[in-house]
Structures are given as C-alpha cells and as structure tokens.
Amino acid sequence: MYTRYHLKIWVAILVLLSLACNSQLDKIFGSPDPPEIERIGTVGDRYEADPGDTLTVVVEANNPEDGPLSYRWSASGGTLMQPVNRDTVRWVAPNAGGFYTISVSVSNTADDPAEAEITIQVFSQEVPAVQISAPRNGDDLVQFSTVTVSASAYHVNGLQSVTLWVNDSLRASRPPLPGSGSYEFDLYLDLPGGPNTLRVEAVANGTGLSGSDAVTVTVEEILPKH
290 MYTRYHLKIW
300 VAILVLLSLA
310 CNSQLDKIFG
320 SPDPPEIERI
330 GTVGDRYEAD
340 PGDTLTVVVE
350 ANNPEDGPLS
360 YRWSASGGTL
370 MQPVNRDTVR
380 WVAPNAGGFY
390 TISVSVSNTA
400 DDPAEAEITI
410 QVFSQEVPAV
420 QISAPRNGDD
430 LVQFSTVTVS
440 ASAYHVNGLQ
450 SVTLWVNDSL
460 RASRPPLPGS
470 GSYEFDLYLD
480 LPGGPNTLRV
490 EAVANGTGLS
500 GSDAVTVTVE
510 EILPKH
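Per the working numbering, residue 290 is the first one in the sequence shown, and the count goes up by one each step.
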C-alpha cells in the first residue's frame with residue numbers, strides 16, 4: 290500500500306528524470322554558441338606600414354561547439370592575399386596613406402558569427418601641404434613692428450612640427466595641432482630694409498618629409514631722425 294511518503298518519492302524521481310531529459314535535449318536541440326575571439330593582431334605587433342609593405346594578421350578563436358571554424362577576412366583598403374578563409378591572412382598596404390581597417394568574421398554552426406578588427410596606419414610618402422595666408426607675397430611691412438604670420442599645414446600622417454624661417458634662419462616653432470591645421474607666429478620685424486623671405490615649413494610623422502610655403506615681403510626701413 291502506497292503512502293503519502295512513497296508518492297512524494299515518486300514525484301521527486303519524475304522531476305529529476307524530467308530535468309535530466311531537458312538537459313540532454315538542450316544539448317541536442319538547443320541553439321549553438323558562437324565562437325569566442327581571444328585575440329586579433331599582426332605578427333610582430335606592427336600597426337604602421339609604408340605603401341607596399343606586407344603584414345601578416347592572425348586571429349585566435351575558440352569554438353564552444355564541435356566542428357571546425359570558418360573565417361572570412363575583409364579590408365577597407367589595400368590588398369588581401371589569398372587564401373582569405375583561414376585564421377591567418379596577408380595584407381599589402383596601399384599606396385595612399387591613411388588609416389585602414391582589417392576585419393575578420395569567425396563562424397561555426399551558430400547563426401551569429403564573432404567579429405573583430407584592427408587598424409593599420411599607412412604612412413603617405415607625399416610632402417605636407419603648407420600655405421601662408423598672411424602676409425601676402427609682395428606686402429610692404431614696417432621695420433621694427435610686429436606682424437602675425439598665418440599659415441595652414443596638413444599631412445595625412447600627422448605632423449611632427451611646424452616652423453617659421455626668416456631668410457633661412459629659424460625664428461619660431463609650433464607643436465602640431467591635431468584637428469586644426471592653422472598656425473600663427475608673431476614675428477618682430479628686426480630685419481634689414483628691403484626684400485625678406487618668410488617661410489613656413491612642416492615635417493610629416495613617420496617619413497620625416499617636409500613641405501613648405503614662402504612669401505617675399507618688403508621691409509620699409511625706418512631711418513634715424515636727425
């Protein structure tokens with residue numbers, strides 16, 4: 290004769306069996322887990338390149354499910370060398386300088402792949418663009434006065450420095466101003482009367498290449514009073 294106690298035991302057994310079955314069913318019919326990307330990077334940890342350089346990019350990923358992983362690489366510029374369906378890919382930097390993204394999509398049987406990317410800076414081999422806006426070429430300036438030399442300077446690599454030269458002598462230097470590109474120098478005209486050359490020079494990051502612009506102004510000499 291079954292008692293209430295025996296009934297409780299049977300209910301508990303049935304609950305445990307149900308939980309065990311559900312666990313096995315989840316393993317068999319449940320949604321698969323996507324891959325887990327541990328790391329993406331370049332061999333040698335190189336994230337700067339010159340045009341034409343070849344970098345090797347590697348991704349490390351774990352698969353929580355049984356079976357192989359699939360890889361798909363893409364890049365915002367440059368050239369990916371075949372094959373592009375493995376955990377390693379080679380990338381050739383383009384001729385144009387700038388920042389480029391290399392991306393990978395890693396998938397298994399899950400609906401959603403895991404994705405990651407890195408950014409590489411390619412150094413442009415062009416010289417910086419520099420333009421003096423004031424004073425203008427041919428302006429007449431008064432000796433022993435102060436004039437503001439205004440110029441713009443830009444390079445895709447960024448700039449190391451921007452300097453003002455007067456008759457080939459360094460007179461002032463400015464640190465780079467990211468996002469601005471506008472530079473001003475207050476110049477005291479303790480210069481000889483007649484033509485004088487003002488030159489603004491900018492030096493690019495990475496390559497050290499320089500670009501400049503120059504104007505020739507006429508300094509009106511102040512004669513001493515008698």
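By construction, these hints were calculated from the structure, which means they are not laboratory data.
Note that the coordinates shown come from a computational prediction; the quantities given were computed from them, not determined experimentally.
One thing to keep in mind: the hints can contain errors.
Claimed, not checked - Cβ pair distances, simulated, as ranges:
| hint | residue 1 | residue 2 | range |
| --- | --- | --- | --- |
| 1 | Ala503 | Ser469 | 15 to 23 Å |
| 2 | Ser439 | Val416 | 17 to 25 Å |
| 3 | Ser469 | Thr390 | 20 to 28 Å |
| 4 | Asp339 | Ala503 | 49 to 57 Å |
| 5 | Gly497 | Arg379 | 26 to 34 Å |
| 6 | Ser462 | Gln432 | 21 to 29 Å |
| 7 | Ala399 | Ser471 | 37 to 45 Å |
| 8 | Pro353 | Ala418 | 18 to 26 Å |
| 9 | Glu337 | Ala503 | 25 to 33 Å |
| 10 | Ala399 | Glu473 | 51 to 59 Å |
| 11 | Ala418 | Pro372 | 35 to 43 Å |
| 12 | Ala385 | Gln420 | 17 to 25 Å |
| 13 | Ala385 | Leu466 | 22 to 30 Å |
Glycine is no exception: its CB is placed at the ideal position from the N, C-alpha and C atoms.
Results of checking the hints against the structure:
1. Separated by about 22 Å at the C-beta atoms, Ala503 and Ser469 satisfy the suggested range of 15 to 23 Å.
2. Hint check: Ser439 to Val416, Cβ distance near 20 Å, so the stated range 17 to 25 Å holds.
3. Range check, Ser469 to Thr390: about 25 Å between beta-carbon atoms, so the 20 to 28 Å window is met.
4. Distance hint for Asp339 and Ala503: a CB-CB separation of about 29 Å, inconsistent with the stated range 49 to 57 Å.
5. Distance hint check: the CB atoms of Gly497 and Arg379 are about 28 Å apart, consistent with the given range 26 to 34 Å.
6. For Ser462 and Gln432, the hinted distance range of 21 to 29 Å is satisfied, since their beta carbons lie about 24 Å from each other.
7. As the Cβ distance of Ala399 to Ser471 is approximately 51 Å, the hint placing it in 37 to 45 Å is violated.
8. Here the CB-CB span from Pro353 to Ala418 is close to 51 Å, at odds with the stated 18 to 26 Å.
9. At about 31 Å, the CB distance of Glu337 to Ala503 agrees with the hint of 25 to 33 Å.
10. Hint check: Ala399 to Glu473, Cβ distance near 57 Å, so the stated range 51 to 59 Å holds.
11. For Ala418 paired with Pro372, a C-beta distance near 40 Å keeps the hint of 35 to 43 Å intact.
12. Taking 17 to 25 Å as the suggested C-beta distance range, the pair Ala385 and Gln420 conforms, at roughly 21 Å.
13. The given range of 22 to 30 Å is respected by Ala385 and Leu466, whose C-beta atoms sit roughly 23 Å from each other.
Comparing the model with each numbered hint stated earlier shows that hints 4, 7, 8 do not hold.
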